[in-house]
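Start from chain A and add chain B according to the hints.
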Amino acid sequence: MSETIRIDEPLDIVKARSVARQLAARLGFSIGDQTRLATAVSELTRNILQHAGKGQCHISDCQNNDSVGINIVVEDNGSGIPDIEKAMIDGFTTSGGLGAGLPGSRRLMDHFAIESKPGLTKVTIGLVRRIK
Amino acid sequence: MKIPILKLGRILLASIQVDLSDEDALQFQGELLQEIAKIEALGVAIDITSMDVVDSFMARVINDTASMARLLGAEVIVSGVQPYVAMTLVEMGRELIGADCAFNLEQALNMLKSRIASRGDMQLEQDNTHE
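Protein chains in written order, with this note's numbering: chain A, 1 to 132; chain B, 1001 to 1131.
So here's chain A without its partners, still in its complex pose:
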């Protein structure tokens, strides 16, 4: 399964987190993991609206014999994050928010990668669980 959601307005945040949650539920992730994933997607897609105005959220799954995972790529073509190290510090914000979005999302996920330059900011997150 692979789905791309355009993030243009606040309702798209609701849609993206709901698609992520439904996929996680379908793949058998626990309700705790469903919530972690939906929350991280919510934080990252809101960042797009606040900093770049629009962008995309790609949601896909990957399954093999002993594990199942969800990968999510959230990207925009905005001006980029000037200082990623600072952006990952709790409480650091340039938007008047809480500064909890990026560092919080990293703590919720198994995988977290961020790259940013002017014209492309890409955050990749993932959860992987063993199949019992």
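Just so you know, the hints here were simulated from the structure itself, not pulled from any lab data.
A hint or two may mislead.
Pair ranges (Cβ atoms, derived) [what the hints assert, rightly or not]:
id: 1; chain 1: B; residue 1: Gln1027; chain 2: A; residue 2: Ala25; range: 23 to 31 Å
id: 2; chain 1: B; residue 1: Gln1027; chain 2: A; residue 2: Asp8; range: 16 to 24 Å
id: 3; chain 1: A; residue 1: Asp110; chain 2: B; residue 2: Leu1071; range: 53 to 61 Å
id: 4; chain 1: A; residue 1: Asn65; chain 2: B; residue 2: Leu1026; range: 45 to 53 Å
id: 5; chain 1: B; residue 1: Ser1067; chain 2: A; residue 2: Thr93; range: 12 to 20 Å
id: 6; chain 1: B; residue 1: Met1068; chain 2: A; residue 2: Lys132; range: 28 to 36 Å
Partial pick of chain B residues on the chain A-facing surface, computed with a CB cut under 7 Å [said to hold, decoys possible]:
id: 7; residue: Asp1019
id: 8; residue: Ser1021
id: 9; residue: Asp1047
id: 10; residue: Met1051
id: 11; residue: Asp1055
id: 12; residue: Ser1056
id: 13; residue: Arg1060
id: 14; residue: Asp1064
id: 15; residue: Tyr1084
id: 16; residue: Thr1088
id: 17; residue: Glu1091
id: 18; residue: Met1092
id: 19; residue: Gly1093
Cβ coordinates follow ideal geometry from the N, Cα and C atoms, glycine included.
Just chain B, lined up with the frame of chain A:
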């Protein structure tokens, strides 16, 4: 998306039942404060039993709403935080929910009543006798 705000004497009850957009959340904040000021509510219970995602933005709206309501003079209790929502909020770090919490609406109401009584506002029913 309008969140119903119910009046029980001078206590207001709001139960958030849907997945709110950011705009809906801010609209709810404004409407709740208006209603608190209008009836001079002594207590407010915000029930979030049905909310399965509370991210940092929503947590801030809830906290801010509670602080604003307190500035007006109302006691505020948030009820029904789901276990997995609590886990996620704490894992995200920082104290994202600082409002006083209760397991459910019934406990929230009891807490409100006892706080209202202890601060000397015994009369919970709205006094309309001079109107």
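Each hint tested on the structure:
1. The supplied range of 23 to 31 Å is met by Gln1027(B) and Ala25(A), whose beta-carbon atoms lie about 29 Å from each other.
2. Evaluation of the 16 to 24 Å hint for Gln1027(B) and Asp8(A) yields a pass: the beta carbon distance comes to about 20 Å.
3. Here the CB-CB span from Asp110(A) to Leu1071(B) is close to 41 Å, at odds with the stated 53 to 61 Å.
4. In this structure the supplied range 45 to 53 Å holds for Asn65(A) paired with Leu1026(B), their Cβ-Cβ distance being about 47 Å.
5. A beta carbon spacing of about 19 Å between Ser1067(B) and Thr93(A) agrees with the range 12 to 20 Å that was offered as a hint.
6. At roughly 47 Å, the beta carbons of Met1068(B) and Lys132(A) sit outside the given window of 28 to 36 Å.
7. The interface hint given for Asp1019(B) is met, as the beta carbon of that residue sits about 5 Å from the closest beta carbon of chain A, less than 7 Å.
8. Because the smallest distance between the Cβ of Ser1021(B) and any Cβ of chain A comes to about 5 Å, under 7 Å, the interface hint for this residue holds.
9. The closest approach between the C-beta of Asp1047(B) and any C-beta of chain A is roughly 18 Å, which is over the 7 Å cut-off, so the hint fails.
10. Interface restraint check: Met1051(B) against chain A, minimum CB-CB distance 10 Å, threshold 7 Å, status violated.
11. Because the beta carbon of Asp1055(B) sits about 4 Å from the nearest beta carbon in chain A, less than 7 Å, this interface hint is met.
12. The interface hint given for Ser1056(B) holds, since its Cβ lies 4 Å from the closest Cβ of chain A, which is under the 7 Å cut-off.
13. Because the beta carbon of Arg1060(B) sits about 6 Å from the nearest beta carbon in chain A, less than 7 Å, this interface hint is met.
14. Of the supplied interface hints, the one on Asp1064(B) is violated, with its beta-carbon coming no nearer than about 11 Å to a beta-carbon of chain A, more than 7 Å.
15. Hint on Tyr1084(B) holds. Least Cβ distance to chain A is approximately 4 Å, under the 7 Å limit.
16. With its C-beta approaching chain A no nearer than about 5 Å, Thr1088(B) sits inside the 7 Å limit, and its interface hint holds.
17. Because the smallest distance between the Cβ of Glu1091(B) and any Cβ of chain A comes to about 6 Å, under 7 Å, the interface hint for this residue holds.
18. A hinted interface residue such as Met1092(B) counts as satisfied when its beta carbon comes closer than 7 Å to some beta carbon of chain A; here the least separation is about 3 Å, so the hint holds.
19. A cut of 7 Å between beta carbons decides the hint on Gly1093(B): the least distance to chain A is about 6 Å, and the hint holds.
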